[in-house]
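Peer 1: The listed protein sequences derive, respectively, from chains D and S.
Per the working numbering, the first sequence starts with residue 1366, numbered consecutively.
Per the working numbering, the second sequence starts with residue 1411, numbered consecutively.
Derived from the structure by calculation, the hints contain no laboratory data.
Hints are not guaranteed to be accurate.
Think about it this way: if two alpha-carbon atoms lie no more than 30 Å apart in a straight line, the pair counts; the simulated DSS-like pairs of lysine-lysine are [claimed, not checked]:
1) S/K1703 with S/K1741
2) S/K1471 with S/K1711
3) S/K1685 with D/K1535
4) D/K1624 with S/K1561
5) D/K1624 with S/K1711
6) D/K1615 with D/K1605
7) D/K1624 with D/K1605
8) S/K1678 with S/K1741
9) S/K1711 with S/K1741
10) S/K1561 with S/K1711
11) S/K1685 with S/K1741
12) D/K1624 with S/K1703
13) S/K1561 with S/K1471
14) S/K1711 with S/K1675
15) S/K1675 with S/K1741
16) D/K1615 with S/K1685
17) S/K1711 with D/K1605
18) D/K1408 with D/K1421
19) S/K1561 with S/K1484
20) S/K1561 with S/K1703
21) S/K1685 with S/K1675
22) S/K1703 with D/K1605
23) S/K1484 with S/K1471
24) S/K1741 with D/K1605
25) S/K1561 with D/K1605
26) D/K1615 with D/K1535
One-sided and incomplete, this derived list gives chain D residues near chain S with beta-carbon spacing under 10 Å [unchecked claim]:
27) L1470
28) R1475
29) V1476
30) A1537
31) V1558
32) V1591
33) T1592
34) V1597
35) T1600
36) A1601
37) G1606
38) T1609
39) A1612
40) Q1622
All values reported here derive from a predicted model rather than from experimental measurement.
Ideal placement from N, C-alpha and C gives every residue a C-beta, glycine not left out.
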Amino acid sequence: MRRPGLICTILALLGTGSAQDLQVPAAVVAGTQATIATTGSGKATFYLVGPGISRKSDVVLGAEISVSFEELRNAGHYVAVLCSSECRSASFFVRAAKPARLAFLVHPSRVAVAQADALSGVALPFDRYRNLVLAPVAINFQLSAGNTSLLSRPARTVDGVAWFRTTSGKAAGIVQATATLDDLSARRAIQQVASDPCNLRISGQRSPAGVLVQTEPVRDCTGNPVTDGTIVTFTATGAKGMTTVDAPVKQGVARAQIKSAGALMISAACGVVMGNEVSVGAQP
Amino acid sequence: MRHALPIFLVVVTAGLMVLSLAGPGRAVGTVGVASGSAVYGLTAKSDTPEHAIEHLLGEVKRRNWDNAFSAVSKTSGVDEPGFIQDWMGSNGSLRSFSGLEGFTTRPLHATNDDAQVRVRLHWTTPVGPIEESRDFNLVRDGDTWKTVWPKVEIANVPAQVIPVNYLRWDLVSGGAGDEWGAKNIDAPHVRIISMNAVELAEGVLVMGEVVNEDAIPAFVNVNATLVDAAGNALDDESSFDKIDHVLLPKQVTPYRIDFPNFNIKDVKNVRMDVKAALIPASADPVIGIMNQKVDSDAQGKSILRGDLFNQSGQPVNIPHVIASFYDNTGKVVWVADGYVDQALLPQSSQPFSLEIPRNVAARTQNFHVVVNHYDLDRN
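Please work from the sequences and hints to get the whole structure.
Peer 2: This is how it looks when you write it as structure tokens:
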């Protein structure tokens, strides 16, 4: 908040005289040393204002002013001001150094299989001083499951950002998402999970304790077994009324014990997906 | 002579106080209905069935168990510990956290030797006031009446080992020092699959169902905001306890949000908001909801009844039943909930019942019941 005010104050002091002048470098890379040439003679006061820095020092006109690499760590717009009897100013831009790290955001962390445009990733290159690298660079996005490559897509950053969007794969499991820039890479894990169950089928048989009803292995439409713990609701209708059991899938199969001696009509549902109906006769 | 009037007034006042405290048929204006005495040390004589049950309930209310049990007929098949457990609850059940606040009695029938009295018990509980209706049989024992206490059925489960190998989900959250974006876990995906806003005597009710579409458990809460024609929010409420908050993958729960004292004609729109958060959870216990049936009670009210059967190996302290009722188009027309005041022991059953409003019962074609549970060891 103080810097713009300081700049305004300094610029207000600027005169039009030509007793001294300064020459700033045309291009500076963050974290490198720079020199600012001055003309004239005598003593002057030098101001440097930039992102994260404001400096005031006494200098001798005609000599070069050295700006250390620590003062130029942050990329952005800098203003140099030289004041003796009057003030002169010049500005220069410090750009980010070469990429040294890659921020990689992937969304979502968990996705159902075969969902269109469900996966997206964004990569942002930063230099060693955490300046966003605005110069276009090539980033390669890769998705892989185990040793199988699912996607390889090069992209160039625009204003420091490169991104991809794609459809989730067909197999449940962990998918590695990798963003690579030269020798830099960032890796994220995405959990692909089974989609809604498909063709939910159950069977039931009498047991001494009632009716044991169970599903066939519960799979989605691409053949992935649904996650263990998924709830299957069994509904049995008989002369005594209706019985429901919310049973979790365990090792791919959901089972429930329904205590009833009478004839039952049993159905199953998993979320909003309905299964078949089976009829179990009364206990002999 | 000058003290005669004050003395007379004091005597009359004291007499009226005694009469008002000791007499029958107190407080409630309904003919044939009596309410419980709350005055310590004053109990009705058990010379009528109503007085006998009031005497017993008064002692129960004060937790004078010896006195209360002395009002129980010797022909009852219960001992004093069983009698006390029936009133006090056990195994961390809702009853064990409840207190009998009051009661009303209504005689059903009486002969010279036996009688039946219907009692409405008013309980204070951690989940709010609960009313319970019980019918008591009484028999004449000399010149007094005593209550026949039914034998308390305590689940007798044989000693056994029940392996529990259902899934459990734990949650490991990233630390502050983690790299940006390296350990983000998305919130579970849940979806409102139905919503219906109606006006009943209670006010405006918003009800429906929510499904957890994800592969991980979710802690779910549904909020609704009533919006008027000008777009202003009239009120916002949450489903509070009329929802099963913990949803396992693909599990469906009913929800109901009450807006007392609002008219549906003032409502132009309802904004729904469902919030879901990651939560550690277990797929155990599995509770079967057996023999669900809608029938009528003695007063002609429609009641959904059934039995909860605990298929797991750990007691469920406080079972909570939530039911959604559908009309012939599959629309949710009512959501009711109720707590079971007895703990659900392993491999045992407890009955439950939910009252259905008369106008809803006529339209109900189907229903879906879920069981929420509060466990002292796990909540």
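Peer 1: All hints, please: hold or fail.
Peer 2: These are the hints, each one checked on the structure:
no.: 1; hint: S/K1703 with S/K1741; result: 19 Å, holds
no.: 2; hint: S/K1471 with S/K1711; result: 28 Å, holds
no.: 3; hint: S/K1685 with D/K1535; result: 29 Å, holds
no.: 4; hint: D/K1624 with S/K1561; result: 24 Å, holds
no.: 5; hint: D/K1624 with S/K1711; result: 28 Å, holds
no.: 6; hint: D/K1615 with D/K1605; result: 29 Å, holds
no.: 7; hint: D/K1624 with D/K1605; result: 11 Å, holds
no.: 8; hint: S/K1678 with S/K1741; result: 20 Å, holds
no.: 9; hint: S/K1711 with S/K1741; result: 22 Å, holds
no.: 10; hint: S/K1561 with S/K1711; result: 27 Å, holds
no.: 11; hint: S/K1685 with S/K1741; result: 23 Å, holds
no.: 12; hint: D/K1624 with S/K1703; result: 15 Å, holds
no.: 13; hint: S/K1561 with S/K1471; result: 21 Å, holds
no.: 14; hint: S/K1711 with S/K1675; result: 29 Å, holds
no.: 15; hint: S/K1675 with S/K1741; result: 20 Å, holds
no.: 16; hint: D/K1615 with S/K1685; result: 28 Å, holds
no.: 17; hint: S/K1711 with D/K1605; result: 20 Å, holds
no.: 18; hint: D/K1408 with D/K1421; result: 13 Å, holds
no.: 19; hint: S/K1561 with S/K1484; result: 12 Å, holds
no.: 20; hint: S/K1561 with S/K1703; result: 25 Å, holds
no.: 21; hint: S/K1685 with S/K1675; result: 28 Å, holds
no.: 22; hint: S/K1703 with D/K1605; result: 7 Å, holds
no.: 23; hint: S/K1484 with S/K1471; result: 21 Å, holds
no.: 24; hint: S/K1741 with D/K1605; result: 25 Å, holds
no.: 25; hint: S/K1561 with D/K1605; result: 25 Å, holds
no.: 26; hint: D/K1615 with D/K1535; result: 22 Å, holds
no.: 27; hint: L1470; result: 4 Å, holds
no.: 28; hint: R1475; result: 6 Å, holds
no.: 29; hint: V1476; result: 9 Å, holds
no.: 30; hint: A1537; result: 9 Å, holds
no.: 31; hint: V1558; result: 4 Å, holds
no.: 32; hint: V1591; result: 8 Å, holds
no.: 33; hint: T1592; result: 4 Å, holds
no.: 34; hint: V1597; result: 8 Å, holds
no.: 35; hint: T1600; result: 9 Å, holds
no.: 36; hint: A1601; result: 9 Å, holds
no.: 37; hint: G1606; result: 3 Å, holds
no.: 38; hint: T1609; result: 5 Å, holds
no.: 39; hint: A1612; result: 6 Å, holds
no.: 40; hint: Q1622; result: 7 Å, holds
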